[in-house]
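Respectively, the protein sequence lines represent chains P and A.
First residue of the first sequence: 1, per our numbering; consecutive thereafter.
First residue of the second sequence: 1, per our numbering; consecutive thereafter.
Any given hint could be a false lead.
[Stated by the list, open to error] DSS-like cross-link-like pairs, simulated, lysine-lysine; straight-line CA separation at most 25 angstroms:
| no. | chain 1 | residue 1 | chain 2 | residue 2 |
| --- | --- | --- | --- | --- |
| 1 | A | 7 | A | 24 |
| 2 | A | 126 | P | 3 |
| 3 | P | 3 | A | 119 |
| 4 | A | 7 | A | 19 |
| 5 | A | 114 | P | 3 |
[As the list claims (entries may be wrong)] Calculated Cβ distances over 10 angstroms to all of chain A for the following chain P residues:
| no. | residue |
| --- | --- |
| 6 | 84 |
| 7 | 220 |
| 8 | 252 |
Calculated directly from the structure, the hints in this document are not laboratory data.
Where a beta carbon is used, it is the ideal one built from N, C-alpha and C, also for glycine.
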Amino acid sequence: MDKLRKNARLSLSFARTAAFNLFFLTVVTTIIFCILTLAGGKLAYFSDSYVMFDKADIADDIYFSMPVRSMQDIPALRSALLETDGVTRLIDGPISRKIELRESTPDNPLFQSFLRYEEPLYEKFTPSLVSGKGFDYSTDELECIITDRGSVDGHVRVGDKLTFGLHGSKKELVLTVAGIAEANRLYPLMNGGGSLSAAELIAGQTDLIIVKDSPKTAAALDDVIGGRHASAKGGVFSTFIETDDTLTDEEREAVFKNIAAVSDKSSEQNLIYGKNILEHTKSNLADTVKQYTPLFVFMAVFFVTTVVCVVTLSVYRYAASYALYRMLGGTERGVVMTICSAFFSCIALAFLITFALLHIVINTHLASSEMFETTLLTTGTLLLPLLAAVLTSAAAALITKSAAAGQKLRALSGKYTD
Amino acid sequence: MPLIEIKNLNKTYPVGKNKFQALKHIDLTIERGETVAIMGRSGSGKTTLLNVIGTLDTFDSGTYNYDGRSVGKMNDRAKSTLRASEIGFVQQDFLLLNRKTASENVTVPLMFGKTPYRKMPELVKKALTETGVPEQAKKRITDMSGGQKQRVAIARAIVTDPSLILADEPTGALDRATSGEIMELLLGLNRKNGITLVIVTHDSEIAAMCGRVLRISDGVLES
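This is chain P alone, in the form it adopts within the complex (with noise of 0.2 angstroms):
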């Protein structure tokens, strides 16, 4: 136990003076990498799409969107669609409406985008609550979801209740927040392809909401907000169609082009099949990990190759004081012990430090925790730092020792002594 004591407070002693740089440089380099990785987002977004689209089990389902001219066109393409071979049922994507909100109703500035969710889309893609209960399709509460974001940039907490207004109507419309949900699984508004750009703004908008829509909440919200059949104008229709789990590729193809007939050939349509869509998400993750991939690189050869520069021109240092500790009685191998855990015990020191900031941003930032093995990723995020320390530490003491061998201790630490 003396031992212990006393080569602890030896190297602690010396990761005082001499190796107190290299904490500062590891705490400096992860914060950077930090920063940088927080300035992005991307990945965590496509992330916790494929996840989404994941759990909501798309994989056999066709995916349908195609512009209106008019709301009123849509019940007929829905029976159309419903009335094809292989198909089961339509998840119809939630109607958008941007509603300029009154002046009066200054409580609420800023939520004015509304998605509106029956209880058969709220089912295939339940939002992700990060606090309260969601939606209770049961009753007749008029309540809405809000992004975290828009949690915090509003100060809206669950319970509360938001007033909506219209211009040009006196009628309000007030919906209590029943839960907060993660901005990245929402449900995304894919344009054509099945490319999920469109929807990454959706995220990003702290000002929209999800309002419940059932038969018993209806009327109440197209007095406000405007029913879907209420307007004439045009549209975008998009809907899940979930075809027979039974049936086999070739069979669904046949689903597939019975489906596209249905719609107007002359108008645009957007048909594509649910696996692909997953295929495209996971191919967009893997194209922004590539984007990563410089910037984990270029901080990686910038950390190593700054320290290899601090203990290299330190070195003479080193080796002067590691030759003072052998004239003093150190033997070889505890002086270079002592050196060693000198060093990683800073470099140590400062990724630990540092260990929150950087899980964060792996966790939340960079990947969903659904998709990455949590523990590998948190192991990961402590176990490579401590592995570089080990290294640079072994690295550093083996560069003292070798500067200081074949020289006489005494000329040695003659040199200078810090």
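Mind docking chain A on chain P? Use the hints.
This is chain A only, laid out in the frame that chain P set:
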């Protein structure tokens, strides 16, 4: 039994493809409690001899026994242990850790020895008191005068209660008055504690203070 017994010791250094013989057939015996001065001009081999005695340097042939133990047969660990417990070093340029305090410097040798951890502060205080600088314990080396630094260096040398102090030009960087004080301190430690003193110097006045004066020239010890 003499403390130091050296017989027919030779030491060479490689110089390019050739070899330079720094010590030639050295025979030397130093008894316990002696004060010995080694004099010689620059390059005569006096510092090399001191380093060999202090196990900081090896030798090529001959025998060297320290307190009856063969140094030539010792491995690195044994030599390190010997230095940690038996030998103290005092150098011309002090060789202190400048960013540390006096007590931190004096503590370092105790880290390598067998002194119990809890007794270290007491021994450090005792050593600084014996060298006349107890009030400097918490002061950084950079804030001290040359004389104070050398006193701290001597405190570091004696903190492990060694049987031998090797001093290489201990007054070389000091003024005359301070040099006298330092020599008086070293000689006082010899008288009081029986520490054997071997001092390398080119100053004849310093040498005259010692009990025996040896001269070395071109690696040969003159009798």
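> Hint by hint, which ones does this structure get wrong, listed from lowest number up?
Replying inline: Structure breaks no hint.
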